[in-house]
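In my numbering, the protein residues as written are 14 to 940.
Hints should not be assumed to be uniformly reliable.
[Said to hold, decoys possible] Simulated DEER-style distance windows between Cβ atoms:
#1 Glu713 <-> Glu435: 45 to 55 angstroms
#2 Glu303 <-> Ser716: 53 to 63 angstroms
#3 Asp448 <-> Lys926: 52 to 62 angstroms
#4 Ser283 <-> Thr485: 49 to 59 angstroms
#5 Ala827 <-> Gln865: 41 to 51 angstroms
#6 Ser283 <-> Ile438: 34 to 44 angstroms
#7 Glu184 <-> Asp448: 41 to 51 angstroms
#8 Asp530 <-> Glu806: 55 to 65 angstroms
#9 Glu349 <-> Asp530: 21 to 31 angstroms
#10 Gln208 <-> Asp445: 16 to 26 angstroms
[As the list claims (entries may be wrong)] Listed below are the simulated DSSO-like cross-link pairs for lysine-lysine, each with C-alpha atoms no more than 27 angstroms apart in a straight line:
#11 Lys258 <-> Lys537
#12 Lys19 <-> Lys118
#13 Lys714 <-> Lys258
#14 Lys258 <-> Lys31
#15 Lys206 <-> Lys162
#16 Lys785 <-> Lys714
#17 Lys874 <-> Lys832
#18 Lys633 <-> Lys751
#19 Lys258 <-> Lys356
#20 Lys717 <-> Lys778
#21 Lys799 <-> Lys828
#22 Lys162 <-> Lys194
#23 Lys870 <-> Lys36
#24 Lys19 <-> Lys860
#25 Lys24 <-> Lys537
#26 Lys926 <-> Lys45
#27 Lys285 <-> Lys450
#28 Lys24 <-> Lys36
#29 Lys751 <-> Lys785
#30 Lys162 <-> Lys31
#31 Lys832 <-> Lys19
#32 Lys126 <-> Lys756
#33 Lys717 <-> Lys802
#34 Lys19 <-> Lys194
#35 Lys751 <-> Lys792
Since the hints were made in silico from the structure, they are not lab data.
All C-beta atoms, glycine included, are put in the ideal place defined by N, C-alpha and C.
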Amino acid sequence: MEYNFKDIEQKWQNFWQKNKTFKADNQSDKPKFYVLDMFPYPSGAGLHVGHPLGYIASDIYSRFKRQMGFNVLHPMGYDAYGLPAEQYAIQTGQHPAITTEINIKRYREQLDKIGFSYDWDREVQTCDPKYYKWTQWTFIQLFEHWYNKNSDKAEAISELISIFEKSGNTEINAASNFEEKFTAQEWQQMSEKEQQETLMNYRLAYLSDTMVNWCPQLGTVLANDEVVNGLSVRGGYPVERKLMKQWSLRITAYAQRLLDDIETVQWSDSLKEIQRNWIGRSEGAAVSFEIKDSEHKLDIFTTRPDTIFGVSFMVLCPEHELIESLTTAENRAEVEKYVNWAKNRSERERQMETKSVSGAFTGAYAIHPFTKEEIPIWISEYVLAGYGTGAIMAVPAHDSRDFAFARHFKLPITQVIAAQNEEIIPTEKWEDSYDIKEGICINSDIINNLSVEDGASKIIELVEEKAIGKGTINYRLRDAIFSRQRYWGEPFPVYYKDEMPYMLNIEELPLELPEVDKYLPTEKGEPPLARAKNWTTKDGYPLEVNTMPGFAGSSGYYLRYMDANNENEYFSQEAVQYWQNVDLYIGGAEHATGHLIYSRFWNKFLYDLGLAVKKEPFEKLINQGMIQGRSNFVYRINGKNTFVTHSLKDQYETTAIHVDISFVENDILDIEKFKQWRPEFETAEFILEDGKYICGWEIEKMSKSLHNVQNPDELIEKYGADTLRMYEMFLGPLEQSKPWDTKGIEGVFRFLRRYWRLHFNDEGKFEVSTEKPTAEEQKILHIAIKKVKDDIERFSFNTAVSAFMVAVNELTDAKCNNKEILENFAILLSSFAPHITEEIWQMLGNKESISQADFPKFEEKYVVENDFNYPVSFNGKTRFMMSFPIDLDAKSIEAQVLEAPEAQRWLEGKTPKKVIIVPKRIINIVT
RNA sequence: GCGGAUGUGGCGUAAUUGGUAGCCGCGUUAGACUUAGGAUCUAAUGCCGAGAGGCGUGGGGGUUCGAGUCCCUCCAUCCGCACCA
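Whole structure, please, built from the sequences with the hints as guidance.
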């Protein structure tokens, strides 16, 4: 009987679905194991072969864990809100919900065809009101909490109010930018609105005027991780800075915990490093400089307080609030000109020209806190509004940017740090700044001769004494802007009364997304939800018209899977106590700074509330590599419609043209298909080699425009899902990027057919032997058991596939059709190739699904060898092999080796200086 | 510029503690079976060499009886961050 993968795969996919084979129970005596895939955004293009790579790996691991006796939670769902569906809606008028539903259906079909062991009863879709009810619910909780730095956790706003009533805000230590102090009495005298405005400075979800990344083409603001090089990640449109009233999440309150707990999870070093960089902790000092003839103070942040005696000017960012009041009359025109120029530059321009120096002098002077010298205050765009205080003390001798600025505007440069016993060169002769991180302080008054480290702590001590500064820690991480001026996202559960925002009652959730006539902003420039009719509460208060960003729905989805159908709670305590957190999370590295930071924050907040039970959501995380495309090229002779084969192309002037890979097999072009591809090629002529047109090739990104996209459906049609699954794993290590090359898939297909044939006799009839397995058969099996188990446990799926091939080759050579052996081998293979093994398992007489079988136990006794075939080397070079019993002592081995005729030949009569014998490894003779 | 990763046959890769470099698969070559082969099977296949043998894990150097693996140095490629004070 032939291996008919089509029937087999259909049969078992139906069986699994009908019997809910992979349904996970929230109650079990078994240990739990939670395997999660990063859920996909269902795009219109469907899945290509790169998407399932991680899904296949996690599926193998899930199936393996079930056979190892775990209760496995392996769910799947859809990150269904997103820009493409909305852009499409804007163009066509089709409701994004319809597009999304169609795309989800297509995704589901494609996923089903690959044979994944998901518990589909737990599916979530972020755009489903039953799901986003809990996204809205969490937002309300964030609004109702503040961050107490003393207890280092989120606490209820109601408690904060009672503190305010008792002692104002003088005693609290909260995560907030609000610096004014008020007493209990002052609090009580505030109006309702004033109180609400005050509280807004403490809430973890807060509304404020913020500098945002505004993307005019997308008509929305974007979070920092959604902008790269001044362009939007989605679409690549320019982004500008703009001050807008926006919802933000106070993720910065969690910066230190997000940083610290990176140490506790098993993620790749590179990913941990990306997160650390994104959080960007730096230690230093905040120092307040007095300003000459002014009541204002200039606050700066520096990581190098030890260089304070090298300050020769101060620099403010062009957005700095003191510019207005500090600028002197005679400098005003210049300053205004500069500020305007800087303001109108796009983020992109600004980032492109980081080398050019620009700036303006305010005419004002700061007073050095130690020397009392006057220090000119300048403005330049090289100081960023978003970092520290937006103002710096410039130490040109030891900072390259300050140095460039000082040289350009002819400002003094004073060296204050030097290496021990170093010859001092006057700074006028320097060509660059001296960015030294170790050394001793010079020209520095009271800290002279101290080390950099001691100098810094001395200065911090002194400024604290003078009450003009303190040691501080600064983070690069910004609060997450949470409003989007788009239609296709979660509505905020917020209404406005007296222009202050209030939360809906929990009972009113979910607040469902309303219908609108168009998916565009209103004429007044309000977001699309402003078009909705009756977009108010029952009492007529207007509802929020912004929607939540893409990361809202994906931040807590892993928790919802634990109890996906619970209508009363986000998830029950019973469910979370059992499932805890994700044991294995697999997905792409592109989420390193977005999703993975936000969901860690989300989880920590829910942890503070006593809902989540683990500090970190994802215990182990693996980033699967990208699958690159293999493009094919044809070479057109310039100015002609003639194409020349790859090996002859250098004899002509040619242009390489991407050709669709579906016309090409083994780099040989199907000329007829190519001619039909485009009208212009119909009359094309070809210069061949050996009667064939051979295409050139290159490894590139897999993309529609490069005509190199491999679609899994076609491959499943041709080879079946089991072959696709195994081939994707066989390609190479999971975490490495690798090109997709269909050539090798035949080898895996051949392997499965050879495996199938083990169970059939020469007449093609199913026939297995029920006799006792031979020692040889047991050995082949048990070597495979050990290898496959070890490989799966260390996520080395490619080498496991190779172990299967070795075993099947050996079983074929041994003409093995032993039932016991084949039964165990089927279990081994079933996590990789679930369909074919279910079929064989059934043919072998089993009634239950193979996924419920126990993973075979490795038994040492079947693989022990009596002899070891030693490589005998001379001076490290292997010369011949010689077999010895394993328990033979080194002395006897040495004596026998040296007597061997082969050894005599290599010794050439010399006496060996040394003989090294490593048992079961090697014999090395040194001459 | 800073940080991270990777370099092994024609190609994808393997070598888990420093111990036989190239497992497995693709491709290629030759052969068998066949009306046919894009089915199946057999054999060969790192490079040089007729052979003996020599050379080989990005380059150079080192440690070691022994290095793909450890150390130093240089080069190349990829990814992330980038005026972060």
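Hint by hint, which ones does the structure fall short of? Violated hints: 4, 5, 9, 10, 13, 14, 16, 20, 25, 26, 29, 30, 33, 34 and 35; rest satisfied.
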